[in-house]
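A.B. asks: Each chain, letter by letter, is given below.
There are 6 protein chains.
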Amino acid sequence: MTHPIRIQVINGNTFAAMTQGIDESAQSARFPGTEIVTTQPQIGPQSIEGYYDEYLAIPGILETLILSESQFDAFIIACWGDPGVEAAREVTRKPVVGIAEASMYVANMVAARWGVVTTGHRILDMIEKTIHRTGFAHRCVSIRTTGLAVVETETARQATLDALEAVGRVAIAQDKAEALCLGCAGMSGLDHELEHRLGVPVIDAVAAAVKMAESLVSLKKQTSKALTYKSPELKPIQGYPSHMQPVNLQRDS
Amino acid sequence: MTHPIRIQVINGNTFAAMTQGIDESAQSARFPGTEIVTTQPQIGPQSIEGYYDEYLAIPGILETLILSESQFDAFIIACWGDPGVEAAREVTRKPVVGIAEASMYVANMVAARWGVVTTGHRILDMIEKTIHRTGFAHRCVSIRTTGLAVVETETARQATLDALEAVGRVAIAQDKAEALCLGCAGMSGLDHELEHRLGVPVIDAVAAAVKMAESLVSLKKQTSKALTYKSPELKPIQGYPSHMQPVNLQRDS
Amino acid sequence: MTHPIRIQVINGNTFAAMTQGIDESAQSARFPGTEIVTTQPQIGPQSIEGYYDEYLAIPGILETLILSESQFDAFIIACWGDPGVEAAREVTRKPVVGIAEASMYVANMVAARWGVVTTGHRILDMIEKTIHRTGFAHRCVSIRTTGLAVVETETARQATLDALEAVGRVAIAQDKAEALCLGCAGMSGLDHELEHRLGVPVIDAVAAAVKMAESLVSLKKQTSKALTYKSPELKPIQGYPSHMQPVNLQRDS
Amino acid sequence: MTHPIRIQVINGNTFAAMTQGIDESAQSARFPGTEIVTTQPQIGPQSIEGYYDEYLAIPGILETLILSESQFDAFIIACWGDPGVEAAREVTRKPVVGIAEASMYVANMVAARWGVVTTGHRILDMIEKTIHRTGFAHRCVSIRTTGLAVVETETARQATLDALEAVGRVAIAQDKAEALCLGCAGMSGLDHELEHRLGVPVIDAVAAAVKMAESLVSLKKQTSKALTYKSPELKPIQGYPSHMQPVNLQRDS
Amino acid sequence: MTHPIRIQVINGNTFAAMTQGIDESAQSARFPGTEIVTTQPQIGPQSIEGYYDEYLAIPGILETLILSESQFDAFIIACWGDPGVEAAREVTRKPVVGIAEASMYVANMVAARWGVVTTGHRILDMIEKTIHRTGFAHRCVSIRTTGLAVVETETARQATLDALEAVGRVAIAQDKAEALCLGCAGMSGLDHELEHRLGVPVIDAVAAAVKMAESLVSLKKQTSKALTYKSPELKPIQGYPSHMQPVNLQRDS
Amino acid sequence: MTHPIRIQVINGNTFAAMTQGIDESAQSARFPGTEIVTTQPQIGPQSIEGYYDEYLAIPGILETLILSESQFDAFIIACWGDPGVEAAREVTRKPVVGIAEASMYVANMVAARWGVVTTGHRILDMIEKTIHRTGFAHRCVSIRTTGLAVVETETARQATLDALEAVGRVAIAQDKAEALCLGCAGMSGLDHELEHRLGVPVIDAVAAAVKMAESLVSLKKQTSKALTYKSPELKPIQGYPSHMQPVNLQRDS
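In order, the protein sequence lines correspond to chains A, B, C, D, E and F.
Under the numbering used here, think of the first position of the first sequence as 1, with each following residue one higher.
Under the numbering used here, think of the first position of the second sequence as 1, with each following residue one higher.
Under the numbering used here, think of the first position of the third sequence as 1, with each following residue one higher.
Under the numbering used here, think of the first position of the fourth sequence as 1, with each following residue one higher.
Under the numbering used here, think of the first position of the fifth sequence as 1, with each following residue one higher.
Under the numbering used here, think of the first position of the sixth sequence as 1, with each following residue one higher.
With the rest of the complex left out, here is chain A (with noise of 0.2 angstroms):
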């Protein structure tokens, strides 16, 4: 590895306070000869708080891919849900990350059970959906919900940990969890003082992430273009910009 391995997160939330607790956690997790930069995209939603939310978040998540796609050796998606990421397998060859997939595998490898604690009561079918198609069902054994809102993740720190810590410890002594995902990116940075109140591994998303794209890029493995993650097929798109038009994103020769 001669030069760095670069690495853009991208917050699918549009709230620039979170891009940077995203960020914090991000660059705290990088190896020494990793740059990490974090961005958000122009257009979407604040927060992702639902189904309206996540899916107008993609088109400038897969925007802000696409307008830098040169720049970096693999990208992250940073919301617990990750919205938008086989659209972005279509457009690079580099890898891309999504935090929810990284961090289970990181619990997977921790332990036998785990749980997910996590913000508004409203994503509970979001998050189980996200569980479900990784392939964890059988291992994840507590969903919990805090009833926080997703910009409060970030403007109430404080009050985020204890709730946490709340619903954490009814995962563990109720539903048997032996580690948790912190289940929202607007979460990065709580992990340590969560684990230390609570004795059990909590998984922050977002560090979880940024290792799981270091890893792709030092194996230099790279997203297969043998059949569902083919570049778009050639098409016009209406009311995108021409950077975001199939003919612009072919990269499967």
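If a hint is listed, it holds; no wrong ones were tucked in.
Heads up, the list lumps identical chains together, so a pair's fine if it works in one copy or across two of them.
Dumping the calculated SDA-like pairs for lysine to any residue here, alpha-carbon to alpha-carbon at most 20 angstroms:
#1 K220 / H196
#2 K176 / S142
#3 K225 / E128
#4 K176 / G199
#5 K220 / G33
#6 K129 / R139
#7 K235 / Q42
#8 K220 / P32
#9 K129 / G147
#10 K176 / R93
#11 K225 / D252
#12 K225 / E193
#13 K220 / E69
#14 K129 / N108
#15 K225 / L198
#16 K225 / N108
#17 K129 / S142
Everything labelled a hint here was simulated from the structure, so no lab data went into it.
Given the structure of chain A, go ahead and fit chains B, C, D, E and F onto it with the hints provided.
C.D. replies: For chains B, C, D, E and F alone, kept in the frame of chain A given last:
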């Protein structure tokens, strides 16, 4: 029911010929007391043939629904993959039906084992995920792709029929499928001819969705606003017009 | 459709008051161009409250369908558990709909997570198996039994409502159900009052099945005779009347 | 055990030659201290080859058990599909064993991966559902149908052997099955010759069920009357004889 | 069967009092024509209470079987978790039965929904994996741990009974379990007293396994040597005695 | 990180040439700040090609880890099947990574559908169980065995490459696999040449595990000692050396 049931069918693709084909199917399937308007988004890909296309189609689909929410009693998202259907359920109380789920419900009621025949090879993973997510991995015994582009399903009807017949024969003989879902909105209207050729029920997903939408309106069942499908949380969404801002989408009370 | 859609609703139980209650629900749910006749078998248990009841009910259900097969366009088996629905599909080409599957399809279209509220505690296993078999173990998050006898659902309507409200509140608050299926044909007609009390969609399974049957007839979809649901193989069946002998049930050609 | 274990084997079919074949298998499999009586219902189809046949067979199976309940220590339902086994468990405390489940337990104990070879093509769905319901979708790697009628398994023994050998070879070579269950009671007695021809364990389901029934009696384990398998609730059952009325079937206390 | 069925029961633990308790259960369960010898490995943990214990127990279990392979007709591995059962099936053609699988088969035949009551809290994951692997995640509705050490199940019989009764009551009342498996070989012999206290079938796993082993021998079914359970491939195994070398274990021909 | 990350890679097999091949792969994959020592157990089979081999390998694997526990920051068990990984997590707080799980995580991040290509036909069941246990039955679409002995993967590199290419082509063309995991530690180092021949990502499981181990150490995540992976309970373990006795393995506090 003193007024007609008014249904908006939203083509997930921005291809006018396809919108017209979908409309013909939808009009043929409606009950006399139903009015159907088929339309297509202002923004989005000409055709959906992968995850990138799908995610860029969703904002336009949602906008189309939002702009005419007050004028219809139910909404259909016409793309086999049901793009954005959960988000659409957040922005209205009125029923929203995906054509994939509708066609699978119909298939379940007429056959013990069924298959899906569809377009490009690369969407195999999308089709599988749609079926798994809906719950029918044990009922769907065959997914067969033709390699056709979505546009060809409109512009090359005879070739499309022949290709569907060919893969359909394999699905029936080899995989023991007893009915077939047409896994693309562009194939609407081909069901009767294919039934004639193949001798098993062939489900036109758009027609199936029209019946499901009529059913829900007639039953006066609306989307639950208890948790998952509550109106989007209040927050700014950058780069989207005013009519798409959560503050203008509150329908919980 | 030049003639009305004629649907026979077959109460799985031989309890006349229940047949009448089912008929009221069915008539309320039909489209203007639909004619519905509700009936009950000549033989079978007064109410189905276990596997023994269910299996003794099925021959009478099938006989009822066979005797009037030529007079209707579709058939509904009105017992949450869909007793004999696969066999019914063998003896006619015309659509056969079970009320359990119909109500679950409707629930899926209006809620991300739903539950079933029903009668006696002992049928928990039957209800679970019905849900698993249909494919919705991941969507149904709650099964709550009231301990009511089936007959009481007709003879003690207020007590039934109160009992359903009580378990419904637990399903919503504790299990996070966002809609409820009424898991017994005897509960038909209670959906609107329960919706009012509980604030979530409540599905009357009989009404849901009427819409599914109308849909299938309107779509001109008939049961596949390709393999599983072919007419019964020719053979004598001892102890059953002539009209139930396979030789008189051939409808494949 | 001061008296012999008395087991009734109930052929699910009303075909006397088959009852005799089943009896021969059962007698060969019993321990010296076991007495076996094989019988067939008074009513029901000559052979079970679909859902219609199966459901019309169940009342006769149950009646047969009820009429001799006091004379035996355990009961076997001899039809691969285990028709009515849950209902049978409601009407007696004594163990009831289905031959399908018994054969699958045996297969699990002698092979990592096994298959089922059976009769008509149309029962593929029934066989699959039986396996799924029992819990062995991950162990059963092959279902191969011969197209034989059930009656032929008795009247054309050599042809049956040859057909089973042919599909068995495919199951072993192509699907990597390491043992085979004979998926029809009519195939009883063919296991040894097929083992000789194919070189893998072949399970005679009737023989397997005899051992399971002996085991349960010897262990003094009876059917749980805690919830699901309680005696049928009291109610009239129209069109069935007095001895089949719930009031005469109480065995909970 | 001209000679008695000879079964070796191998306690997975090296605790003599437990071996004696297992032997008493096994002797009580055998048919008159069966001879049982219960033994314990020369090497391995006093008790199996976690994965480390389990994996260190397996070589001793296998050695015990190998050393007496020619003297018995079948083998039972007596530890709920079935340690090494697949490997044991490679080193002999004779049937090998795990007590966990045997007890679950029995539970399935007497109850629709059952639970497991067992020792230390930490083995929850092991118990779950054993159930999933066998295929009964849908049948097992309760796993309740007492916190007892395995040794206590022998040395403190009354306390063990009381603890099992306590968790058993929760399994029945709260989880709706209708039968219980004793999830530890050390609990052998407590089934009758617990049945008396709890009113549901309680399965002694050792006794269940004796019946399964007798069944397989009587059926003359041996382990398939077609693929997975072939004799170990020829190779040196360092640090193990000559009698455990593959060259001395060939039993395929 | 002031000192290098020290990782021990434990070959599950006792074949020195294979240990060397594994070491080459591991050294190639490490970051500059990582030190790797590859070793092999003192006891155990030359190669793992079945369950017997696997279970006899585990004590030696665990002993190797225990003897050097204090000298490393993380441990890798290098055998596709992850033998003993749960037990290893009991005897140390430091991360333990199995190469099978690691390779599957990498495959998931670069391909929607992937396969495993491996050695002897008989291990099909072991490979399937490993995939199911980890949670990826829905992602792994192909398992293809070459029939090669494990030793041949080292001694016949060109033949191994050709055999893997042959089965890999089938996995890609027929099963639609889009990436391949090398399902044997002996295949380490062949990934680049196979990628070149096949055109899809090929995952070297040892290399993947090195990245996962580095990741966990860098994240300062250690194995949860909350429940399942607590230190082994105190008890004597007969026939094992003092350093393997639980009393000398306490790491919970």
